[in-house]
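Colleague: Each chain, letter by letter, is given below.
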Amino acid sequence: MTVEDIMKIKKFSYSRIIVKVNDKHIEQEDYAVTVVNDGDDVKMIHLLAGG
Amino acid sequence: MRYLAKEDSKCIQCKACEEICSTTYFKVNDRNKSCIQINEKDGMPEINVCDQCGECIDICPVMAITRDKKGIVRINKKICVGCFMCVGFCSKLSMRQHDDHIEPFKCIACDMCSKVCPTGAIYISERDDSEALEMPLEKIFNK
Amino acid sequence: MDIITLKNNHKLLKEYKYELGKIDKGYANRTLYVNVSDNNIMEKPVTQMMKDKFVGGKGFGLWYLWNAVTSETKWNDPENEIVIAGGPVCGITQYAGTGKSLVCSLSPLTDIPIDSNVGGFFGPLLKFSGFDALEIQGKAEKDVIVYIDGNTGVVTIEEAPLEAVDGHVLGEQLTEMYADNEADKRNVAVVTAGTGAEHSRFGLLNFTFYDPRRKVTRLKQAGRGGIGTVFRDKKIKALIVKFSNVKGDLNNPFDQAIINKTGIKYHKEIHDLDSKQNNMRKIGTANIIEVMDAYDLLPVMNYQYGMHPDTQNIKSTVFIEKYITQGVQDGCWYGCSMACAKAADNFELKTGPYKGQKVTVDGPEYENAAGLGSNCAIFDPEGILELNFYCDTYAIDTISFGTATAFAMECYERGIINKEITGGMELNFGNFEAAAELLHQMSRGEGFGVTVGQGINRMKKLFAEKYGADPDFLFDIGMEQKGLEYSEYGSKESLAQQGGYGLTNKGPQHDEAWLIFMDMVNNQIPTFEDKAEALHYFPMFRTWFGLYGLCKLPWNDIVPADNKYTSEPAKVPEHVQNYLDVVYGVTGKKLSVSDMIKESERVYNFQKIFCIRMGKGLRANDRTPYRSMGPVTKEEYESRQERYDSQLKEKVVYDPEGKSTEEKIAVLRKYRENQYELLMDAVYKRRGWNSNAVPKLEHLKYLDMELPELIEVIKDLQ
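Chains S, W and Z, in that order, are what the protein sequence lines are. According to this note's numbering, the stretch in the first sequence is residues 1 to 51, in order. According to this note's numbering, the stretch in the second sequence is residues 1 to 143, in order. According to this note's numbering, the stretch in the third sequence is residues 1 to 718, in order.
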């Protein structure tokens, strides 16, 4: 499963998102090629400002 | 439209242009007060000066920046409110600002610097009016 | 009617001459007091105590308001004041979002103080004219204007019988009347209400600025709380300020260089990143309509649901492509490179007294697209623009109107009210014509529109008492708290945002905290302590802007390219440092982040105690309608059945298998209401308050706010 797959399943469509796997930043161009393994710590932080 | 054209490869970085510009307009020899600035990148000279493209015209909130009859982009310092958005938005990094002054300043193709350039690296030239980047108001509001 | 005739019919009631002054490091060091009962005009000094404890802006507004009223004062008593104040950074031109004012008054909706923030040119020009704040008290006999000429040092109160009342007309009339010529128009700023504010409790104030490219008077709003209603109740038609020759250093800053550097850096950032991030320069805050829908957070049909297939019709790209003029510098004060004050030009109105006119519509902000649009199921961009326009010119808060209309529509759909009660209007969800007619009725002062204009709190009482509605059900679905309607975010699935709305001073407005994504989507604040920390930090941080004359949007609507690599990206540390640098540059005051929070906490706790003084500041007042916390109806539960069933299983340890929806709703409700009680405990503790939401005396001591009048209110509530 890649980062991109996870985002599709969770329906994370918003562009201003910070993705970290095991505390390492994953850039947008690498979402499709970064594989996530069992036990990995995955953080997907949306930066939404709001009103 | 009239503008100061440049050929970076001819520049010998003598800085005579910077000196005459800042001395003429600000009475001091200070490259930070010169509208034309000679930089260096990877050992090669880079001439940075406004090419009168006009993209700043639509940025100014008080319409202080306009094109004159010769096509030169000029700032009306009386109207200017000193917001410096034109400085931040100039994609050529050629709109100048110095903390001694509350309005920005820019090259107006006055031709003084080209007269002192020993190699002819800078010279007054003409560009086609169609290259102007500002949009006439009728076009902006007409959908 | 021509401008000369309008002016010739003015009757001068009072003229006051004053010495023009100089601003010193952001402060004019005096304020202007105007009483329209006895026409007394005077200047008051700004004291060191005011600067130390209240800073400016909302701080000054609340301080003056406290001293003007007693605990018995009602919003329509002459003692109630409207105070407009910018703040020490207000009026600089180099950084984005530096033209804001805060307006304070006792609200006709809540009976406690409301603070409402607004852009436009009035705040900066008022300061340049010589005043850090304008206090208005009293009630005039006949419609008056107050005119401040900051070029010559004259203030007048004049009867103005013939001018229009509606914002878009009056703003143009007075700009034309007081400007010397076309070039001078941008030096005139007007504050108006509108005819709608005369017949509803949620009237707003319009603050104009003249747009030299469009050659029209634009309208920004101090929207929340009904201050426009107070304005018209005082029989004030408009305030006008004129100040020519705005320059970048009028605040006489301590260190102009650091302001210039920070401003230019920010302009460059907007230039490079806006189109990659939020497109503020193209569409403003409405860029998130489709995002909220995608995450099931958009208010739909009175907050019953979070998404709708027709949101496609009102997403931001539709507005950008078809309605909102592109390529115009749309800042609401000089130097705002974020420039989110977008507008639709040459928009032809289809309804009402201005039908057929082609106007400039200021908007839609996100709140309008959601409140007037999805929350009422009006998924029509032109409908939204038309309602937006009429709300502005009639001076009706789009948020309160949207939420109140959504409530009325749900009541109509459920048969709680009917055609007889609405006077023939079919108030179904999605009926744009009916929503528009409600507005026109508010303007005319007749019909069911006047009922809706009383606000949800009073509609609930009326429907229960007069039409036999179930008061408990109305309490559940009426999205108001403390008397103020909720703004347009679905807090149902975010405990933190329920607190973000419910634990505010003035009522459920999102300026204090916006935690939905942090909580629900990112799961960054899982424990009560995490939530309490966020509900301490963010409200204190976000309300700090209102002390200085700053807009919050440039803080986090666009972020630096490397923001994601910082340790706390949600706080946007580089921009926080920008603000500290700008404050230092203007005032010479070196603040740390914890100083910022403390400055804000002082005013926040002052406001809290003010609310207690006026009768709505205790724990009981912080309870929220259940629609804001969970599913009230069967349809709501079943629309998110998987989510709710799993929560029952995991969190409540209750097996949903085989249980009826009604049973599950009840169990879930008990759980969620208890969660909110626990949240209140955690937040009050973190804020230095006791379990009844009263600030502790030792906390006032820590804040250096041991003012005798504050202690008097809370000493017996410890």
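Possibly wrong hints are sitting among the right ones.
Selected chain S positions facing chain Z (in silico; Cβ < 7 Å) [to be verified]:
1) S13
2) I18
3) V21
4) Y31
5) V33
6) H46
7) A49
Hints in this document: simulated from the structure, not taken from any laboratory. Heads up, the beta-carbon is just placed ideally off N, CA and C, and yes, glycines get one too.
Colleague: Can you give the numbers of the hints that this structure goes against, from lowest to highest?
Modeller: 3, 4 and 5
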